[in-house]
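**Student:** The lines below spell out each chain.
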Amino acid sequence: MTHLANVVQWFANPAHWSGPDGIPQRLVEHVQISAESVAIGALIALPIGIALGHYGRFGNLAINISNVGRALPSFGLLVIAFQVFGLGNLPILVALVALAIPPMVTNSYVGLREVDPDVREAARGMGYRELTQLLRVELPLAVPLVMAGIRTSAVQVVATATLAALIAGGGFGRYVIDGFAQQDYTKLFAGAVLVAALAMATELSLSGVERLLVPRGIRLLQAPSAGRATTFKTA
Amino acid sequence: MNPRFVPGRFLAALAALVFVATACGSSGNGGPTSKGTLTVAGFNFPESSILAEIYGQALAHDGYTITYKLLLGTREVVAPALESGQIDLYPGYAATDLEFYNKGAGEANGDAAATTAKLNSHLQALGLTALTPSAAVDQNAFAVTTDTQKKYNLTKLSDLAPIGGQLTLGAGPECPTRPFCQPGLQKTYGINFKAFKPLDTDGPLTRAAFKNGSIDVGLVFSSDGDLNSLGLVVLQDDKHLENADNVVPILRQAAASTEVTTVLNAIDAKLTTADLVTLNSQVSGSQHMDPDAVAKAWLQQHNYSS
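Residue numbers (the working numbering), protein chains in the order written: chain A, 1 to 235; chain B, 236 to 541.
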């Protein structure tokens with residue numbers, strides 16, 4: 001119990017809320033590297049997943065490739081990227097982008113695939129061109145699954161960005177690594193709590209975004225909201 | 236498992252001792268007969284093998300027959316072997332050995348002579364002795380790149396005090412709380428760095444950080460064989476912040492005859508930290524030389540021709 005009390009005291013100490021090693025600065029670092037990684041990952045993954053899902057081709061190939069990507073351990077990738085790029089944010093970004101891509105490819109592919117063929121045909125029959133059909137009919141219907149992929153990626157990236165501290169990066173991982181090295185287990189535990197809290201906050205806020213993006217019609221249709229694709233380990 | 240008393244070995248050691256003693260008595264005849272057999276051990280890292288070879292070959296040059304037990308293990312293995320007489324001598328490090336034999340009482344300091352005297356007070360009862368410490372030292376040290384050194388004209392740590400505010404220090408994440416690291420630099424030298432970057436101790440992170448210029452001062456090991464090729468210069472610890480881990484031979488009192496002591500002290504008087512850096516780089520670097528060859532070359536340079 002005293003340990004928990006120490007952690008509470010650690011959070012209550014104003015010295016831990018300012019300066020280059022303070023919580024606000026570490027939060028900014030952690031969120032920044034995570035957001036950059038998810039954004040770059042989305043720019044790569046979503047067009048691929050959406051195109052493959054729309055045309056319904058090479059789906060197995062894409063999913064298998066991204067599953068192989070998921071088997072890559074982030075720590076291993078981080079060490080290799082460090083050897084290649086040296087010290088700085090780049091190796092961390094490489095490892096996290098690689099982590100972010102697979103769930104978004106698979107989920108957006110499945111999301112587009114699962115659009116009811118009757119709906120596609122109806123859209124075509126109403127005279128929609130291909131791009132319009134994709135943007136105005138298929139994508140809105142696929143939003144719940146696409147967003148679930150982004151959410152899964154983001155939560156995994158936020159949790160894994162902790163590793164950045166191993167190669168002298170910033171973020172909440174700093175508290176975990178430094179606490180361990182300094183045998184300051186209160187700091188270590190506080191760091192773990194902060195990472196967990198940030199991961200949960202990411203999940204909740206992206207759920208909120210998802211709710212805003214899902215068209216009203218689908219929300220009414222699928223009152224119990226669509227789950228994630230079952231091929232996923234959830235974060 | 237504790238070393239047990241073995242009568243056979245004891246007698247053998249006694250015989251060797253008598254032999255050494257008689258040999259000493261008749262020193263100077265220069266004959267090819269051996270002056271006795273000595274077993275030299277080393278710890279399980281290359282520098283220790285090199286030092287053990289240097290001591291061993293110098294003694295062999297003087298007429299002793301040497302048996303080597305290199306890479307024997309950590310101090311937890313080597314020290315009991317010395318106490319039990321399985322080995323006669325190993326190259327120790329004053330501060331670390333003191334803290335080993337006094338069970339971490341924290342008596343070591345930055346003064347090599349004082350630390351060795353303390354060490355001897357603990358070794359006495361065990362029938363062991365440490366000789367005069369060498370100037371060569373393997374300890375934590377702070378390095379800068381040759382560019383930084385030239386820019387600010389640095390030779391010793393005190394030189395950093397007036398310019399610390401412009402420099403970033405890099406070391407393991409534990410550095411800000413360790414008395415021999417950031418707090419010590421602040422207290423002993425009055426150096427207040429602009430920033431601290433958590434990396435590692437003389438590892439790949441520190442090397443990368445020196446390379447891309449994100450640190451100016453970094454924590455390294457003073458005898459690291461890579462220092463020269465990395466273009467790093469160790470700043471002299473002129474106020475003795477770090478414990479004196481000077482190289483010092485530790486041997487059984489029974490083996491520490493006047494002659495053996497003279498030979499080993501002559502070696503330690505010549506050995507420098509710069510020598511250690513060079514010797515280590517020859518063994519661990521791209522040349523991959525054997526410790527015995529490196530030791531032989533060093534001895535030849537110092538007129539122990541075989």
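None of these hints come from the bench; they were simulated from the model. Mixed in with the good hints, there may be bad ones.
Quick list of the computed label-pair ranges, beta carbon to beta carbon [unchecked claim]:
#1 A:W17 to B:A348: 40 to 50 Å
#2 A:L43 to B:I398: 36 to 46 Å
#3 B:P418 to A:E203: 49 to 59 Å
#4 B:A348 to A:A35: 38 to 48 Å
#5 B:T496 to A:S18: 58 to 68 Å
#6 B:H523 to A:A35: 38 to 48 Å
#7 B:K446 to A:V28: 48 to 58 Å
#8 B:P418 to A:Q83: 28 to 38 Å
#9 B:T496 to A:P20: 27 to 37 Å
#10 A:T2 to B:T493: 54 to 64 Å
Every residue gets a Cβ at the ideal spot worked out from N, C-alpha and C, and that includes glycine.
**Student:** Return the numbers of the hints above that this structure violates; sort them in rising order.
**Tutor:** Hints 3, 4, 7 and 9 are the ones this structure does not satisfy, whereas the remaining hints hold.
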